[in-house]
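Make a model of the complete structure from these sequences and hints.
There are 2 protein chains.
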Amino acid sequence: MVRSLLLVGVGFMGGSLTLALRKRGFGGEILGVDLSQEAIAKGIERGAIDRGWTSLEEVDDWDVDMVVIATPVRTFRRIGEDLKGFVRKDTVVTDLGSVKGRLVEDLERILGKTFVGGHPIAGTEKSGVQNSNPDLFEGKKVIITPTGRTDREAVEKVRGMWEETGAVVEFMDAHLHDWVFGAVSHLPHAVAFALIDAIIEMSGEFDLFRYPGAGFKDFTRIAASDPVMWRDIFLENRENTLRAIDIYISSLKKLRGLIKEEKIDQLTAFLEEVKDRRMNLE
Amino acid sequence: MVRSLLLVGVGFMGGSLTLALRKRGFGGEILGVDLSQEAIAKGIERGAIDRGWTSLEEVDDWDVDMVVIATPVRTFRRIGEDLKGFVRKDTVVTDLGSVKGRLVEDLERILGKTFVGGHPIAGTEKSGVQNSNPDLFEGKKVIITPTGRTDREAVEKVRGMWEETGAVVEFMDAHLHDWVFGAVSHLPHAVAFALIDAIIEMSGEFDLFRYPGAGFKDFTRIAASDPVMWRDIFLENRENTLRAIDIYISSLKKLRGLIKEEKIDQLTAFLEEVKDRRMNLE
Numbered sequence: 005m006v007r008s009l010l011l012v013g014v015g016f017m018g019g020s021l022t023l024a025l026r027k028r029g030f031g032g033e034i035l036g037v038d039l040s041q042e043a044i045a046k047g048i049e050r051g052a053i054d055r056g057w058t059s060l061e062e063v064d065d066w067d068v069d070m071v072v073i074a075t076p077v078r079t080f081r082r083i084g085e086d087l088k089g090f091v092r093k094d095t096v097v098t099d100l101g102s103v104k105g106r107l108v109e110d111l112e113r114i115l116g117k118t119f120v121g122g123h124p125i126a127g128t129e130k131s132g133v134q135n136s137n138p139d140l141f142e143g144k145k146v147i148i149t150p151t152g153r154t155d156r157e158a159v160e161k162v163r164g165m166w167e168e169t170g171a172v173v174e175f176m177d178a179h180l181h182d183w184v185f186g187a188v189s190h191l192p193h194a195v196a197f198a199l200i201d202a203i204i205e206m207s208g209e210f211d212l213f214r215y216p217g218a219g220f221k222d223f224t225r226i227a228a229s230d231p232v233m234w235r236d237i238f239l240e241n242r243e244n245t246l247r248a249i250d251i252y253i254s255s256l257k258k259l260r261g262l263i264k265e266e267k268i269d270q271l272t273a274f275l276e277e278v279k280d281r282r283m284n285l286e
Numbered sequence: 005m006v007r008s009l010l011l012v013g014v015g016f017m018g019g020s021l022t023l024a025l026r027k028r029g030f031g032g033e034i035l036g037v038d039l040s041q042e043a044i045a046k047g048i049e050r051g052a053i054d055r056g057w058t059s060l061e062e063v064d065d066w067d068v069d070m071v072v073i074a075t076p077v078r079t080f081r082r083i084g085e086d087l088k089g090f091v092r093k094d095t096v097v098t099d100l101g102s103v104k105g106r107l108v109e110d111l112e113r114i115l116g117k118t119f120v121g122g123h124p125i126a127g128t129e130k131s132g133v134q135n136s137n138p139d140l141f142e143g144k145k146v147i148i149t150p151t152g153r154t155d156r157e158a159v160e161k162v163r164g165m166w167e168e169t170g171a172v173v174e175f176m177d178a179h180l181h182d183w184v185f186g187a188v189s190h191l192p193h194a195v196a197f198a199l200i201d202a203i204i205e206m207s208g209e210f211d212l213f214r215y216p217g218a219g220f221k222d223f224t225r226i227a228a229s230d231p232v233m234w235r236d237i238f239l240e241n242r243e244n245t246l247r248a249i250d251i252y253i254s255s256l257k258k259l260r261g262l263i264k265e266e267k268i269d270q271l272t273a274f275l276e277e278v279k280d281r282r283m284n285l286e
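Top to bottom, those sequences are chains B and L.
To convert a position in the first sequence, counted from 1, into the working numbering, add 4.
To convert a position in the second sequence, counted from 1, into the working numbering, add 4.
Derived from the structure by calculation, the hints contain no laboratory data.
Keep in mind that a hint or two might mislead.
One copy or two, either will do: identical chains are not told apart, so a pair holds if it fits within one copy or between any two.
Straight-line C-alpha distance at most 20 Å; calculated SDA-like pairs for lysine to any residue [what the hints assert, rightly or not]:
{"id": "1", "residue 1": "Lys161", "residue 2": "Glu205"}
{"id": "2", "residue 1": "Lys279", "residue 2": "Ser131"}
{"id": "3", "residue 1": "Lys221", "residue 2": "Thr128"}
{"id": "4", "residue 1": "Lys88", "residue 2": "Trp57"}
{"id": "5", "residue 1": "Lys257", "residue 2": "Leu239"}
{"id": "6", "residue 1": "Lys264", "residue 2": "Leu246"}
{"id": "7", "residue 1": "Lys257", "residue 2": "Leu246"}
{"id": "8", "residue 1": "Lys221", "residue 2": "Glu277"}
{"id": "9", "residue 1": "Lys27", "residue 2": "Arg7"}
{"id": "10", "residue 1": "Lys264", "residue 2": "Ser254"}
{"id": "11", "residue 1": "Lys279", "residue 2": "Arg214"}
{"id": "12", "residue 1": "Lys161", "residue 2": "Asp67"}
{"id": "13", "residue 1": "Lys258", "residue 2": "Leu246"}
{"id": "14", "residue 1": "Lys267", "residue 2": "Gln41"}
{"id": "15", "residue 1": "Lys221", "residue 2": "Glu167"}
{"id": "16", "residue 1": "Lys258", "residue 2": "Arg247"}
{"id": "17", "residue 1": "Lys264", "residue 2": "Arg106"}
{"id": "18", "residue 1": "Lys117", "residue 2": "Asp69"}
{"id": "19", "residue 1": "Lys221", "residue 2": "Met206"}
{"id": "20", "residue 1": "Lys145", "residue 2": "Glu286"}
{"id": "21", "residue 1": "Lys279", "residue 2": "Leu239"}
{"id": "22", "residue 1": "Lys257", "residue 2": "Arg247"}
{"id": "23", "residue 1": "Lys93", "residue 2": "Ala45"}
See below:
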């Protein structure tokens, strides 16, 4: 059982996690570290943390059972190095990052066998601890990526924490994770960001954003996601994202070709297959 | 005032229009024609039409004030030719098609000055008259595309009909319409269809559709739209759609390049601009 927790990065995702634990009866102390004093103040106001500081150096109580890293993924290695000097030997360190792969390897090298990679498949385009939602993880998948060296007890503590929030835990290899989420999450975000960019390009003298019709808002909502978080995800999962974008461009060119050549039957078949696959998700 | 109406194509959009008119007190008779006997039965059951037939030839009462064409856009010219032999000289003919441009020119040539092009900017991925929604157009834009030759009284009748449903009418040149909606509607649909196709391509031995995380469902909902309707839209608005896809591919390649070259500052700026533009829509 985890009795105390340190959240590094007091934002929407981390705040949703600690609020979820509180709601389910977690009684231990929740500490927070964030570069922004405002985030700490809002985190305390929202009830997501009890106390907080703007740097790890200032934390006055390192007798914590669990550290949760909830910052943009490119900061993880440095935070890992910093944490190494402070945490107890048996403190479990986990994260909420959308990229695992090499990052998990590096953090394991830095922090040892008590590091457990995690990725909750939840979230919205919202950011900021003030928007945190204690029910965010209810029924959602959380991917945990232990390696052959990860401490089993540490894994069970992370699993237990997530099950407390109502999430469904699934184990996956860290590199497979990056391929899968490169395809189903990082690619769709790239696609949505590029769509808004294209509409900006096409707007010129006529403001196309005045006509956000039927589906456009839903479709582009994820383009309002946090820029720094997504910059880090794209760079950290660079190879998988680039590969997915290339395959995507091929699909788009295939569709383009069917329209250009007016291949009525093949175009219908293409759209029917896509509809069938999408309908199966509901 | 319109006292009687013939709906050609008894589906989600047409049914939503007639249900909206009924809800606001339209007391006249609503006739329906659809190739599918099942659609007619469902339309009567749903209250969207009073009586219906599977062909225009069977309609037993042509004393209708308004004909609304609500079929896939590539059928409009043939339906226009068929209607010509039946409608009164002063019957107004309008449509719900997502493409206007040359289609409006052709229908005006076929039907004369009482044809008024229309396009309600509403709808979902749903289809079928059984899913029709009388509140679909409430507060939504409807684009009307009269030409220099369109009868003013016909335009006012169409405008009046839409205002009855709670929609906000806006006039636009038919060709400008196709450029605008090629960008903000037809392009996003192409982008979403291609995304599902790419995920199918990438699935191979590992079923990626098992991980429809954070935003994926919202983002791809429009990919479940009616295939025949969208095939027709893409083919009918072919040039604008192809041009928009090309500009889109440029945007995606720009983003791809920033990730590939790890241009941290430019990538952040790209994502920030996109987020700002998207946020302005809310």
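Hints, verified against the model:
For a Cα distance limit of 20 Å, the shortest separation of lysine 161 from glutamate 205 qualifies neither inside one copy, at 49 Å, nor across copies, at 37 Å. Taking identical chains as interchangeable, the C-alpha atoms of lysine 279 and serine 131 lie at most 20 Å apart only when they sit on different chains, with a minimum of 12 Å there against 32 Å within one chain. Both within a single protomer and between protomers do lysine 221 and threonine 128 lie at most 20 Å apart by alpha-carbon distance, with minima of 14 Å and 12 Å respectively. Proximity of lysine 88 and tryptophan 57 under a CA criterion of 20 Å is satisfied intra-copy only: 18 Å inside one chain copy versus 77 Å between copies.
In this homomeric assembly, lysine 257 and leucine 239 come within 20 Å of each other (Cα to Cα) only across copies, at 15 Å, whereas the closest approach inside a single copy is 25 Å. Only between protomers do lysine 264 and leucine 246 lie at most 20 Å apart by alpha-carbon distance; the minimum there is 7 Å, versus 26 Å within a single protomer. When the C-alpha separation of lysine 257 and leucine 246 is checked against a cutoff of 20 Å, the pair qualifies both within a copy, at 16 Å, and between copies, at 10 Å. Taking identical chains as interchangeable, the C-alpha atoms of lysine 221 and glutamate 277 lie at most 20 Å apart only when they sit on different chains, with a minimum of 17 Å there against 24 Å within one chain.
For the homomeric pair lysine 27 and arginine 7, the shortest alpha-carbon distance inside one copy (15 Å) is at most 20 Å, but the shortest distance between copies (59 Å) is not. In the homo-oligomer, the alpha carbons of lysine 264 and serine 254 lie at most 20 Å apart both inside one protomer (15 Å) and across protomers (18 Å), since each shortest distance falls under that limit. With identical chains, the CA atoms of lysine 279 and arginine 214 are at most 20 Å apart between copies only, with a shortest distance of 16 Å across copies and 28 Å within one. For a Cα distance limit of 20 Å, the shortest separation of lysine 161 from aspartate 67 inside one copy, 16 Å, qualifies, whereas the shortest one across copies, 75 Å, does not.
In this assembly of identical chains, the alpha carbons of lysine 258 and leucine 246 lie at most 20 Å apart whether taken from the same copy (18 Å) or from different copies (12 Å). In the homo-oligomer, the alpha carbons of lysine 267 and glutamine 41 never lie at most 20 Å apart, since the shortest distance is 59 Å inside one protomer and 29 Å across protomers. For a Cα distance limit of 20 Å, the shortest separation of lysine 221 from glutamate 167 qualifies neither inside one copy, at 33 Å, nor across copies, at 24 Å. Proximity of lysine 258 and arginine 247 under a CA criterion of 20 Å is satisfied in both settings, with 17 Å inside one chain copy and 15 Å between copies.
With identical chains, the CA atoms of lysine 264 and arginine 106 are at most 20 Å apart between copies only, with a shortest distance of 17 Å across copies and 42 Å within one. In the homo-oligomer, the alpha carbons of lysine 117 and aspartate 69 lie at most 20 Å apart inside one protomer (15 Å), although the nearest pairing across protomers, at 78 Å, exceeds that limit. In this homomeric assembly, lysine 221 and methionine 206 come within 20 Å of each other (Cα to Cα) only inside a single copy, at 17 Å, whereas the closest approach across copies is 27 Å. Proximity of lysine 145 and glutamate 286 under a CA criterion of 20 Å is satisfied intra-copy only: 16 Å inside one chain copy versus 29 Å between copies.
In the homo-oligomer, the alpha carbons of lysine 279 and leucine 239 lie at most 20 Å apart only across protomers (18 Å), although the nearest pairing inside one protomer, at 32 Å, exceeds that limit. In the homo-oligomer, the alpha carbons of lysine 257 and arginine 247 lie at most 20 Å apart both inside one protomer (15 Å) and across protomers (12 Å), since each shortest distance falls under that limit. In this assembly of identical chains, the alpha carbons of lysine 93 and alanine 45 never lie at most 20 Å apart, being 30 Å within a copy and 72 Å across copies at closest.
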